[in-house]
Structure formats: C-alpha cells, structure tokens
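I would like the entire structure built from these sequences, with the hints used as guidance.
If you're matching them up, the sequences are chains B and A in order.
Position one of the first sequence corresponds to residue -4 (this note's numbering), numbered consecutively onward.
Position one of the second sequence corresponds to residue 73 (this note's numbering), numbered consecutively onward.
Simulated from the structure, these hints should not be mistaken for laboratory data.
Hints are not guaranteed to be accurate.
Unchecked claim - In silico lysine-lysine, DSS-like type, Cα no more than 25 Å apart, as pairs: (1) Lys413/A x Lys464/A; (2) Lys11/B x Lys435/A; (3) Lys372/A x Lys11/B; (4) Lys372/A x Lys8/B; (5) Lys459/A x Lys102/A; (6) Lys459/A x Lys435/A; (7) Lys8/B x Lys459/A; (8) Lys444/A x Lys11/B; (9) Lys414/A x Lys372/A.
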Amino acid sequence: MSNSRERILAAAKANKPVEISLPTVPVYGGDATVERFTTVLTSIGGQVVWLDGLGQLPEVLQQLFPDAKITASLLFQGTLPVDARTPTDILAEVDLAVLPGEIGVAENGAIWLPETNMLHRALPTITQHLALVLDHRRILATMHQAYAQLPSTGAYGKFVAGPSKTADIEQSLVIGAHGARSLVVLLY
Amino acid sequence: MNHAIRADKFLLDADRTTWHDETLWFVREKRDRAVYAVPEFQELRELASQIKDHTLSRLDNYLMEFEAAAQANGVHVHWAADATEHNAIILDIIRQQGATRIVKSKSMLTEECHLNPYLIKHGIEVVDTDLGERIIQFRGEAPSHIVLPAIHLKKEDVGDTFHRHLGTEKGESDPQRLTEAARQHLRAKFLAGQVAISGVNFAVAETGAVVVCTNEGNADLGVNLAQVHIACMGIEKLIPRLTDLGVFTRLLARSATGQPVTTYTSHFTKPAEGREMHIVIVDNGRTQQLGRPDFRASLKCIRCGACMNTCPVYRRSGGHSYDFTVPGPIGAILSPNIDMKKHASLPFASTLCGSCTDVCPVKIDIHTQLYKWRQVLGEASEIPASKKWSMKFMGRLLASPRIFGMSGQFARKALRLLPHGLTHSSAFNAWAVARELPEPPKQSFRDWYQQQPQSIEQPQHPKVPV
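Quick look at the structure:
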C-alpha cells in the first residue's frame, strides 16, 4: 500500500501541468439582513421565529412543539441529558433537539453548527425536529464571509440549511428524509 | 453494444422519454434561476476553475499536505492505485472491526470500483442509504444520474419496488408515503450500522478535513452512529484552503439542483472520541488522465450533474445508455480514459452544441474535449468502419467545390426520382429513421446566383492608403 502511495505521488508529479497560480478569492458580501435570511430559509422549508430574549425560549418551544415528549438541549433543561456517550437507541427517541447556532448565512439560509454545540454528533440529524437558536447579529451575507469568520471547522461541524429533504422519487420534494423532519430557527 | 443501440431501448417508451427530457430540463431551469440570483456567479466559476487548475498543477504536493494534516488529526490514510486495491483496503478495515453491517452514503467512486458487489460477495451487508440509491439497489440497477440516481424511474416503479421489498401497500405511489416507508426502514439500518462508508465532495489540504454534502442527512446519520467512518475519495477531490469552500459550496448545489446550498454541508476532520476515521485516496486512472493535456481538465469536475441536465442527448437517451458510472457529457470524456474500446461510442453521443460547457461550474471545456476524443478515437481506429469511411468521403466531397456542386445536382434529381422507401430506408439513411428529408429545391443557391443580372452593385471597399 505504501508502494501505491509512492506510485500515485510519482505519477501525479510526472503528469501534472506546469504550475498555475492560486487565485485570491474576494470575500464577496451582499444582503445580510434578517429579512433576506428569513425569505431564503422559508423557501427551503425552514421556519424563522423571533424571540424577545432567550428567557422566552421554553415558552415559545412549548407553543411550537406541544407534542414533543423527549427533548435535548444545550440551552435549557431538556427531558433527556445527552452527551457524546449517550447510546444510539436512546438518541433515536429524541423528538426535539434545541441547539445554539453560531453563524447564519443570508444567501442560503445555512447555519454553522460546530460539534461543541451538538451534545452528540448524531443528535442534529437523528432528532425528529431541530431548533437552532441564533443571535440575529451573527447573520452574514455569504459563505465566503462565513468561512472567513470561522476560527476552524473543529473536529466535526456542519452548515445546516433547512430540514432534511429528498426529491429522489420523480423529483417530488418531500421534507423529512432521514434527518430532522423540521427546522425552526429561533432568532433573538 | 454502443450508445445509440442502448438509447434505442430507452426510446421505446416515448411518454417516459418525454417525461425524462422535460423533468431534467426543469432542473436545468431551476439551476438558471438560482444562478442568476448571484451577481458574481460567473466570477465564481472562473475562480473555481483557477483553483482546480492550480490544485492539479501541484497535485502531488497537496496530496502530501492533505495526508499529513489528516494523520495529525488522528485519521488513518490509505492509498489505492486502482479499484481492486480500494475494495481490498475497505474489506480489510471492515474485517478488522469484525463488522458485517455497513451503511453507505452516496459515492460515485465506490460505484466506479464496484465496491458493493465485492463486499456482498465477502458476506458483508451493504445498505445504500441515499433514497435514490436504495431504490436502485433494491432493483439491482446502476444509478442513471450522479445526483438523481433514480431519475429513470416513475413513482409507480418505486411503489412496486417498495411493495416487494418493504411491504408497502400494493399500488402505493405517493412520494411522501414512499419516502416515509424508506425513512423507517433505513433508520433501523442506521441504528444497526457498524461501519459507515461515505464519499467526499471536497478534501481540504490545509485542514485534512473531508466535506460531504447531502440533502437527506444520510451521511451524517450513518457516520455519526457507526463506530468507524471510511471516506473514499479520488485524488482530484482536493482543494487547497478552507476558504476555497466559500467558492465551491456556492456553486455546487445551485448548479446541481438549483438549491442555494445542500441541506447539510458537513466537515469531518477528526474522529469522535473512541471512534475511528479512515480516508482512502484512490487513483484508478486519474493520474493517467492528468498526463493527457487535452483531457486533464476533466479532473476539475465537482460532480454536480449540470452537464447532464442540460444535454439534449442525455435527456433523451437516459443515463443507462452510457453504460459508465458517470453518464452524460462529463462521463463521455472520462470514460475513454478508462477503456477506450468499450466506451468508444460515448464521445459521439453529443451534438457538440456546447451547452454542457456553458453550465459547467468549473468551466471544463466539455464539448471541445468530446470533439478531441473523436479525433483520438479515429486515429486509434476505434470508430466503426462505416463512420470512418463515410466521414473520409464527406471530407473529400465538402473540400472540393466542384464535387460538392455535382453531388448537389445529383442529390436533387435523385431525391425527386427515387422512391420514398429507398431514400428513407433505415439501412442506408439513419438520419431519416425519425425524420423526413426536406423537399429538394429546384436549383442550388449557386445556380440561382449565377442567373442574377451582373449589374448588381458591388459593395465599395473603403480606400486604404498604401
């Protein structure tokens, strides 16, 4: 196998073209308003709800998800304490996960969610419903700005843009493929 | 069997062909709306093209940088020269775990390497977890599109398949209910998965991370529940810097499906505490393609599928007619590198209209490469004798004004005198299989022009000082 490594590297070196320079990528900006973020996120199946401060969170969640029995959260006392060692079959029972997002992107409705905000790496996709809480001042215009602001992508992290979905059957859009069936972004 | 013969099979069902054509064109239109909404989109295409060109020009350096960064992250890095080695490495990792249940998210590379049949042969259960891929896995078919693997099927087909394999009600064809059935079925598979295999959209040399983009969330679910993650990537997936993702994530989903971004853009850098992560870096003909100056740009491809959605030939012949892992225009320039003889007909499955090149987010000159492959295939005598000699004959004819004039005269007469059954016989005239030849004109333009009075004023040439 190390033999293949040497062979591949040697072939890449022998066959590559003369060096072409790496361009500087401008940090394109644009509309970074809450309105733009809301319009785009709504168009991809997400929902945006305003909070008058974080204290309102439990009450608003109660209104939005009256049937959620098992909840896990980094922001308030959920019914299930989750950490990196929580067994898979217990995670699978979670109805609602409420996690803090770090950065919102207005052009595509995406929110950066680092591992440190997830409780368990699988929680944001295995939960039936996902609520991400975001400071509206952390909304940026573009992906360039988002990547420029990330200190690093950590051990694991992802942009989440809307609920899990598929159009694999006849191009009919179905919300709720394998991941969360719904995504609510709670802005404060 | 060549592309045209396989396309004939697809075309037997005219309604389905029309549906396929219109559905993919609809995706192309969605792509246009998403693209026009980004003012700097053309600049992004240019930047993406330059970043990929640069990366290929330093590919060995970036591969080593990526390997070192990934190893520093605690990731096991493996190198595979070809499909056989790729498959053996993966089986070895699985066996070391004593695992038998594998969940897999979308990876065209593992399709290319025929990983599934190999693992199944060795007693491993492999479950494709992307909905489209699961559907075709049940049916024992290959994907017909790289982004929309089951686009050749109608919802009734999926209903039949699910009735047989998942016990959904007979005749159930509602996409919402069928998707829900798959969700329940696959959730059990995710929870039981011991090893998760994923593809890679982008590999960041600077951080050693692999980035995987999905809408369904199947990669995240599989990887984060299993003990071991194996990410399989071709050597061309590299990009130099984290910030380059700003360019590529803005291009990928807009070009693919017209979405502003995929639902999940996941960055896997280090394994979770107590778990394992492996990256298999695969060549399988890519360094050879890198050594072909006319065709190396095909390695810039980010697998968005835009060239398929826009291609008038792909839309009306279906992905299976290409009989290659990657169909459509991009597949037609990748496949001859792998097996020139087997895929000799694919560069001819094009009108050379150039629409593929126009929509390519990394500006690959696809239609130019299709044309160049035709020259290579001609030189290598990999085209049918009938095509070779008719092209040589036409070349002579069109190069000589005198012979061209005579042939025109002959054809105008012959078309009037010969019976329709002969002029439109499929044995002699493949062009007329589904078309009517035009009514031959009484005279040619040249004859008409010569009959015009010579007194017509010639345009005055401006006087150029000598």
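To see whether the hints hold, each was checked on the structure:
1. Lys413/A x Lys464/A: The given pair, whose Cα atoms are some 21 Å apart, holds under the 25 Å limit.
2. Lys11/B x Lys435/A: The given pair, whose Cα atoms are some 19 Å apart, holds under the 25 Å limit.
3. Lys372/A x Lys11/B: holds (13 Å)
4. Lys372/A x Lys8/B: Within the cut-off at roughly 17 Å; holds.
5. Lys459/A x Lys102/A: Cα-Cα ~38 Å, so violated.
6. Lys459/A x Lys435/A: violated (31 Å)
7. Lys8/B x Lys459/A: Violated, because 38 Å separates the two Cα atoms, which is more than 25 Å.
8. Lys444/A x Lys11/B: At roughly 20 Å apart (the allowed maximum being 25 Å), Lys11/B and Lys444/A satisfy the hint.
9. Lys414/A x Lys372/A: Roughly 24 Å between the alpha carbons, so the hint for Lys414/A and Lys372/A holds.
When each numbered hint is compared with the structure, violations occur for hints 5, 6, 7.
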